[in-house]
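Following the hints, position chain B against chain A.
So the protein sequences, as listed, match chains A and B. Using our numbering, the letters of the first sequence map in sequence onto residues 1 to 430. Using our numbering, the letters of the second sequence map in sequence onto residues 1 to 347.
These aren't lab readings, by the way, just hints derived from the structure by calculation. Please note that a few of the clues may not be correct.
[Stated by the list, open to error] Restricting the straight-line Cα-Cα distance to at most 25 Å, the calculated cross-link-like pairs of lysine-lysine (DSS-like) are:
# : chain 1 : residue 1 : chain 2 : residue 2
1 : B       : 124       : A       : 120
2 : B       : 188       : B       : 145
3 : B       : 73        : A       : 153
4 : A       : 175       : A       : 196
5 : A       : 413       : B       : 332
6 : A       : 120       : B       : 86
7 : A       : 212       : A       : 175
8 : B       : 144       : B       : 86
9 : B       : 73        : A       : 18
[To be verified] Facing chain B, a subset of chain A residues (Cβ under 8 Å, in silico):
#  : residue
10 : 74
11 : 121
12 : 123
13 : 125
All C-beta atoms, glycine included, are put in the ideal place defined by N, C-alpha and C.
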Amino acid sequence: MPTSSEDRIRIADAEFPKPFNNGLEFNAPAHGTWNIVHIGFKIPRAHQIYICADNCMRGVVMTAAEMGELSRFSSVVLEEDDMVFAGRLEESTIEGVTDVLNSLPEVPPVVIVFPVCAHKFMGCDINFIYSKLSERFPDVKFVRGFMDPVMQKRGTTPDQRLRKAMFDIIPGGDKDGSVSVIGCDMPLSKDNDIRKLLEAQGVTVRDEAACKTLEEYYDLGKCSSVICSYPAGLLGTTAFCSRTGRPMVYMPFTFDYDAIDEALSQIGVVPVFNGRVSCERRAAGLKTLLGDSEIAIDYTAVPRPLSFARFLISHGFNLKRIYLDAMDPDEITDFEWLVSNAPDVMLCATMHVRGRRPVRPEGDQKILAVGQKAAWFEGTGYFVNIIEGGGLYGYAGIKALLGLMEDAFIVPKDTRDLIPRKGLGCCCVI
Amino acid sequence: MKKAYKILPVYTGDVSGFASALYELGGMLVIHDPSGCNSTYNTHDEVRWYDQEALIYISGLNDIDAITGNDGKFINDIVRAAEDMKPEFIALANSPLPYLNGTDFKGISKIVEDRTGLPCFYVKTNAMHDYTVGASEAFLAFAKKMLEPADEKIKGGINILGNTPLDHTNTGFVIPEGKTIVSDWAYKTSLEEVLKAPSAEHDLVVSSTGLAAAKYMKEAFGIPYELMGNYLDVKREKSRNYIVGEPVISGFIAARIKERYGTDFNVIAATEITDGLLSDCDRKCHGEDEIREALSDAEVIIGDPMFELISPKSAKFIRLPHFAMSGRLFRKEIPDLMRLEDYYHEP
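Just chain A, with the same shape it has in the complex:
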């Protein structure tokens, strides 16, 4: 089946995993998802330095400014002469970073350096740059960031590689019996069965997203096993586990009861007593409230949107639209189930040029959205403001999300004010 040039398509007619053609791209004004600046600041006391052109710099420096973190952010602005003369790009990068570090009140223990597309395009000797910097600043751990979106359509994304580079500096020390959860930007919620059940068994759970000090961050490496809870973190988690000899369990927030039980058993905890029954009860309660109200969800809300869609459909909810531009190949089973059981559910692109003129339902129809992009495209204030699954997992997580949907359907939010803010969950000074 060919990919579609349309902006929306019935799931039964969609190509998996990429339903839509590439073309010019629109960017909706929903910015709660994290970018590489937000992610980099997860390493406590790390300083970020970007080496790029003016226009590219603007987005990252203003991200830091809106987080109130300008004191941990610096930049080296590239100009035409850096691009034209052989060797100048390496020189500008090395001398610029050196100048920045020498001017700071104290040299930070960790520095994330971000070269950009131009460095790759010009064949810049990245290893030379890092070896020179390490020579000049032997006490600094340099993290090899990259801001090269030109690569992201065919390979790994800059944020996947950044997460890997960030994990590369975590030492793999002696195992202390703890479990480290890494790869996701949202701290583990109180409604997370991984955390609840492990802690109930007396196991220490370390959460990468909640590290307050650099020591805590390094201590992630003391674990005996690792859980990766988010797809974008999988590359880095796999590399970390391979390097340090730790076993890894991949546990993205799923809505499949059997998958939850299996994953929980893999980390050595007993599946939750009555978990399924309490989820079913909660879902029935929400269904009573919503009736046949339309629901729209998007890929930024949860890591497994098709699993979520299947859950909603199989519980009788009137899910109409799923906003996404591509699907995770791991979701093939849920995709096929939806094709068979809900063929008319629409997949809607978020980047298609027509996104600028979203077709919104007319009248006073009350639509519930889960995720910021779905809220914007649907033009609704009734939405769950959540990204990356919100730190939820398991039966507790499903119940909590259903509860958030209930709240969202009752009390509308100020979409105009909320969704243009960057980095949901981060400090935001605007």
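What follows is chain B alone, placed relative to chain A:
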């Protein structure tokens, strides 16, 4: 090192300046860029994105297309989108990789024009300059491509040139009695209005972004121009009081302060276009270190709050938020620049 910014943000870039300048004119604006330019622009450099439609897109360039110079995909995508969205014209902007591989934007514009039947033009950008350059080039390219001589003039008609929310987020321009605004380039305006520009008798340049278009209109249509408030006519002396920012607006404010209070302020122009826009007592600075050095002996500084980060502690700092510098951070504090009393009180 002039290229290192230890703490100060950079100004809005040229690509965002391009988009801001042409936002309301009904065109389809395409930035040939992998990703990032669109999000940066609509998050930090644009106040209208949520509420007001504009067809601004990126090409989503990938590495293979960049390396092999696959312009065909870029052209096909533009043509397809134009058929779909029906813009009034198409404008193209560049970014670092197409700039490095020497993409022929003029040639591409010609092909797109032939295939769509729509006016298409290239705006010289490469993401390595500030917004004044991008907006200036956009206004100039638009004027050259779209304006036709007027059959008759509108008596007392003026064009406001260089008005974008990047500089004039909340400015309400005061027009002398007997004058009428023919066109506003290009905030709270329309394509229809802007196309009437050649019928004006006079151009008023309200930021450095409007200067190149003003010079073009003078040459092409015989329309004389003046700088906002004729600020260069107000003689100012060397001083340790500084206004740091865009030169036309800073010069205008310095002149108004001189006229009203007799106090001298010198302009530290921190954006790129300055030729013919500064008085002898003013200076141009490039980058954080130069600005920091220029401010080092300051007694009073007027500027965006970001500049306070590199100002001497001993100086009195008067906040004048500028959207092209601090973006959304202090947007609610941005004053009407015509109302001096709202943001300046004699120390």
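Status of the hints after comparison with the structure:
1. For the hint linking residue 124 of chain B to residue 120 of chain A, the alpha-carbon distance of about 24 Å falls within 25 Å, and the restraint holds.
2. Between residue 188 of chain B and residue 145 of chain B, the direct Cα distance comes to roughly 21 Å. Compliance with the 25 Å bound is thereby established for this hinted pair.
3. Between residue 73 of chain B and residue 153 of chain A the CA atoms are separated by roughly 15 Å; this keeps the pair inside 25 Å, and the hint holds.
4. For a cut-off of 25 Å, the pair hint linking residue 175 of chain A to residue 196 of chain A stands: about 21 Å separates their Cα positions.
5. At roughly 21 Å between alpha-carbon atoms, residue 413 of chain A and residue 332 of chain B fall within 25 Å of each other, so this suggested pair holds.
6. A distance of roughly 37 Å separates the Cα atoms of residue 120 of chain A and residue 86 of chain B; the hinted pair therefore is violated under the 25 Å criterion.
7. For a cut-off of 25 Å, the pair hint linking residue 212 of chain A to residue 175 of chain A stands: about 21 Å separates their Cα positions.
8. Of the supplied pair hints, the one linking residue 144 of chain B and residue 86 of chain B holds, its CA atoms being roughly 22 Å apart against a limit of 25 Å.
9. Taking the CA atoms of residue 73 of chain B and residue 18 of chain A, the gap is about 18 Å. The hint holds against a cut of 25 Å.
10. A cut of 8 Å between beta carbons decides the hint on residue 74 of chain A: the least distance to chain B is about 5 Å, and the hint holds.
11. Hint status for residue 121 of chain A: holds, given a least beta-carbon distance of 6 Å to chain B, under 8 Å.
12. For residue 123 of chain A, the interface hint is violated, the least distance from its beta-carbon to any beta-carbon of chain B being 11 Å, above 8 Å.
13. Because the smallest distance between the Cβ of residue 125 of chain A and any Cβ of chain B comes to about 17 Å, over 8 Å, the interface hint for this residue is violated.
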